[in-house]
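In order, the protein sequences belong to chains A and B. Residue numbers for the first sequence follow our numbering, beginning at 1 and rising by one. Residue numbers for the second sequence follow our numbering, beginning at 1001 and rising by one.
Treat the hints with caution; some may be incorrect.
Claimed, not checked - Capping the alpha-carbon separation at 16 angstroms, the derived lysine to aspartate or glutamate pairs in EDC-like fashion look like this:
id, chain 1, residue 1, chain 2, residue 2
1, B, LYS1194, A, GLU238
2, B, LYS1193, A, GLU238
3, B, LYS1218, B, GLU1125
4, B, LYS1194, B, GLU1224
5, B, LYS1132, B, GLU1215
6, A, LYS67, B, ASP1200
7, B, LYS1002, B, GLU1215
8, B, LYS1137, B, GLU1125
9, A, LYS164, A, GLU232
10, A, LYS67, A, GLU238
11, B, LYS1002, B, GLU1224
12, A, LYS67, B, GLU1215
These are calculated hints, taken from the structure and not from any lab test.
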Amino acid sequence: MNKKEKSIMKLAAAFALTFGFVPSAYAMHIMEGYLPVGYCIAWGAVCVPFLIAGFCSIQKTLQENRKAITVLAMSGAFVFVLSSLKIPSVTGSCSHMTGTGLGAILFGPSAVGILGVIVLIFQAVLLAHGGLTTLGANTFSMAIAGPFVSFGIYKLCKMLKVNKMASVFLAAALGDLFTYCVTSFQLALAYPSEVGGVGASVVKFLGVFAPTQLPLAVIEGILTTVIVMTLETYALPELKAIGFTKEVK
Amino acid sequence: MKGINPGLKAAVAIAAILLCIGTGDVLISVTVFLSMGAVTVLLGGLSIKKYLDLLKIPVAFLILGTAAIVVGISPVPAGHFYVPLPGFYLYLSEGGAALSAHLVLKAMASVSAMYMLVLSTPASEIINLLGKLHLPKLISELMNLIYRFIFVMMDVQSSMKQAAESRLGYHNFLTSCRSFGGIGANLFIVSLKKAGTYYDAMIARCYQGELVFLEENKPVKAKEAVVAAGYIAVLLLLWLV
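This is chain A alone, in the form it adopts within the complex (with noise of 0.2 angstroms):
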């Protein structure tokens, strides 16, 4: 290797490096026009029955009560900006959490379903994460699957008298590490490799994300837990009145 060549590959290994280490969370949305029209219509089609079902729930609390609305409302515009902000991170990239394993522990997989999507559709709008095109693959991961899983695991940990806030770390965490598994499946299913097919194209996906992805998991499981344990400490009542203590209890 002459002298030449040497730094060829020092310039390769810093771009490698730099680039590595920028993207942050937002990258788990699948940008606009990534997908072939056939995957954005069935993504789409996929999470109608969960949206469906979603606005029932909302309908339902809504004719209960009224004044439910502004509290939906502000929660959505919680998640919104609870995913805009920039969390602290090791890699001194720009990274944001997710928020809808806290919206899911907080309201239930089904309202956040609805109010996901809200969200989504205005992180394409305002902020240029995620488009319109794909929003259906993005609402699957993120609004649904994500939730979901956290959901489940917040139950489950609950059935099992796991510790409270052991729980709450497990299932933001491992919702958001779900969510950035059904997008890279997402990805594969699209774009398949010629040798191995769609297995061997999750791997490279999920290779290809996990350094961000691994630790923002991670992060994002602290935070919740650090959130969570300040609303119990600060804001009881509010707790109880959106119906999260009472069934914890």
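Based on these hints, arrange chain B on the given structure of chain A.
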């Protein structure tokens, strides 16, 4: 741009995006990318620098996603060029480079078409448009409220963050986590309080389960409709030729 009927803008943007990803034609993607950029900058009056900054946002995803398509892994040597690693081989996939070049073009063209719509249309008009497409009233109402509340909460959050920063709340990683969590929780408490106040304010203004917003009437002008139809026709022509 602001005076143009939002429905027309949305129709053109969506048609352009669908043509881009539906046909996968390179020429269409390039045309859409350049023309939508030109419309946003020249007609919309956005500075080129700001527009380029906006285009940079999705680049992170593009780099990672494309890398995964160009490079393949396999347990046996494959492709023209491969690097052996313990347990498997990393290879450049056949046609992967061409596929990802197409994909990058398609994606950037779609993004520029979406920007043409969202950079020239207020959110309330987009929500109204969805309402006209028979989105349930409940959802469009929620969207309108959420949109308003986002700014209220951003405001609260930025003052909380300033307060925390001025007290060294972000000087190392652990403190940052604590401050972030505290701000998140406080934000939630404040938002619930505000939700109550907002509801009272709405009731005081005769809210009976329906929010009505003032809507500006922007009829479609014949000239604009012709230009829009012509644009889509040109794209279609490019595809057929």
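- Item | Hints breached by this structure | 4 and 12
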